[in-house]
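Engineer: Hey, can you work out the whole structure from these sequences and the hints?
Under the working numbering, residue 76 is the last one in the sequence shown; the count climbs by one each step, no gaps.
Everything labelled a hint here was simulated from the structure, so no lab data went into it.
Don't take every hint at face value.
The calculated EDC-like cross-link candidates involving lysine to aspartate or glutamate, where the alpha carbons are at most 20 angstroms apart (straight line), are [stated by the list, open to error]:
{"id": "1", "residue 1": "Lys30", "residue 2": "Glu40"}
{"id": "2", "residue 1": "Lys72", "residue 2": "Glu49"}
{"id": "3", "residue 1": "Lys63", "residue 2": "Asp39"}
{"id": "4", "residue 1": "Lys30", "residue 2": "Asp65"}
{"id": "5", "residue 1": "Lys43", "residue 2": "Glu70"}
{"id": "6", "residue 1": "Lys63", "residue 2": "Glu49"}
{"id": "7", "residue 1": "Lys63", "residue 2": "Glu40"}
Estimated spans, in silico, between C-beta atoms of each pair [stated by the list, open to error]:
{"id": "8", "residue 1": "Gln53", "residue 2": "Arg76", "range": "25 to 31 angstroms"}
{"id": "9", "residue 1": "Tyr54", "residue 2": "Trp74", "range": "32 to 38 angstroms"}
{"id": "10", "residue 1": "Leu29", "residue 2": "Ala66", "range": "29 to 35 angstroms"}
{"id": "11", "residue 1": "Leu34", "residue 2": "Lys72", "range": "17 to 23 angstroms"}
{"id": "12", "residue 1": "Ser19", "residue 2": "Gly45", "range": "17 to 23 angstroms"}
{"id": "13", "residue 1": "Thr73", "residue 2": "Leu21", "range": "27 to 33 angstroms"}
{"id": "14", "residue 1": "Gln53", "residue 2": "Thr73", "range": "36 to 42 angstroms"}
{"id": "15", "residue 1": "Trp74", "residue 2": "Gln53", "range": "36 to 42 angstroms"}
{"id": "16", "residue 1": "Arg48", "residue 2": "Glu70", "range": "34 to 40 angstroms"}
C-beta atoms are modelled at their ideal positions from N, C-alpha and C, and glycine is treated no differently.
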Amino acid sequence: MLNTLRAMPGPSAMMPPASLLSITSAANLKPAVLRPALDELIKCGFVREYVTQYGRSYARTAKGDARILEVKTWLR
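Structural biologist: Written as structure tokens, this is what we have:
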């Protein structure tokens, strides 16, 4: 199961994929800034993009979860 793009992985992050609009409002960034960052995360394999009936949605992969945990431990 894929986790949404959130800062903390875990049981609370188990939600359906997030839309670009919800990510933009949560990150407080403009879509023109956020879209290139999402493209890079997709290329690295940290995020997966889905096409739904409502548009494109994004979800974090297991590799993305592992990277977040790695960065969290590095920052401690």
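Engineer: Hey, lysine 72 versus glutamate 49, does the alpha-carbon distance stay inside 20 angstroms?
Structural biologist: Since the Cα atoms of lysine 72 and glutamate 49 sit roughly 24 angstroms apart, the hinted pair is violated (cutoff 20 angstroms).
Engineer: Given the proposed pairing of lysine 30 with glutamate 40, does the C-alpha separation stay at or below 20 angstroms?
Structural biologist: With Cα atoms ~16 angstroms apart, lysine 30 and glutamate 40 stay inside 20 angstroms; holds.
Engineer: Looking only at beta-carbon atoms, does the pair threonine 73, leucine 21 fall within the given range of 27 to 33 angstroms?
Structural biologist: The hinted range 27 to 33 angstroms holds for threonine 73 and leucine 21, with Cβ atoms some 32 angstroms apart.
Engineer: Decide if the proposed pair is consistent with the structure: lysine 30 and aspartate 65, CA atoms, cutoff 20 angstroms inclusive.
Structural biologist: 24 angstroms, violated
Engineer: Does the Cβ pair serine 19, glycine 45 satisfy 17 to 23 angstroms?
Structural biologist: Holds, at about 21 angstroms.
Engineer: Given a hinted range of 29 to 35 angstroms, is it respected by the beta-carbon distance of leucine 29 and alanine 66?
Structural biologist: 24 angstroms, violated
Engineer: Given the hinted pair lysine 63 and aspartate 39, is their Cα-Cα distance within 20 angstroms?
Structural biologist: Roughly 16 angstroms separates the two Cα atoms, so the pair holds.
Engineer: If you draw a straight line from the CA of lysine 63 to the CA of glutamate 49, is it 20 angstroms or shorter?
Structural biologist: Satisfied, since the Cα-Cα distance of roughly 14 angstroms is no more than 20 angstroms.
Engineer: Given the hinted pair lysine 43 and glutamate 70, is their alpha-carbon gap at most 20 angstroms?
Structural biologist: This hinted pair holds, its Cα atoms lying about 19 angstroms apart.
Engineer: Go ahead and decide if the range 25 to 31 angstroms is satisfied by the Cβ distance of glutamine 53 to arginine 76.
Structural biologist: The hinted range 25 to 31 angstroms is violated for glutamine 53 and arginine 76, with Cβ atoms some 42 angstroms apart.
Engineer: Take the C-beta atom of glutamine 53 and the C-beta atom of threonine 73, compute their distance, and say whether it sits inside 36 to 42 angstroms.
Structural biologist: Given range 36 to 42 angstroms: holds, Cβ gap about 39 angstroms.
Engineer: The hint says 34 to 40 angstroms between arginine 48 and glutamate 70; measuring C-beta to C-beta, is that right?
Structural biologist: Because 19 angstroms falls outside the window, the suggested range is violated.
Of the numbered hints given earlier, the model fails hints 2, 4, 8, 10 and 16; all others are met.
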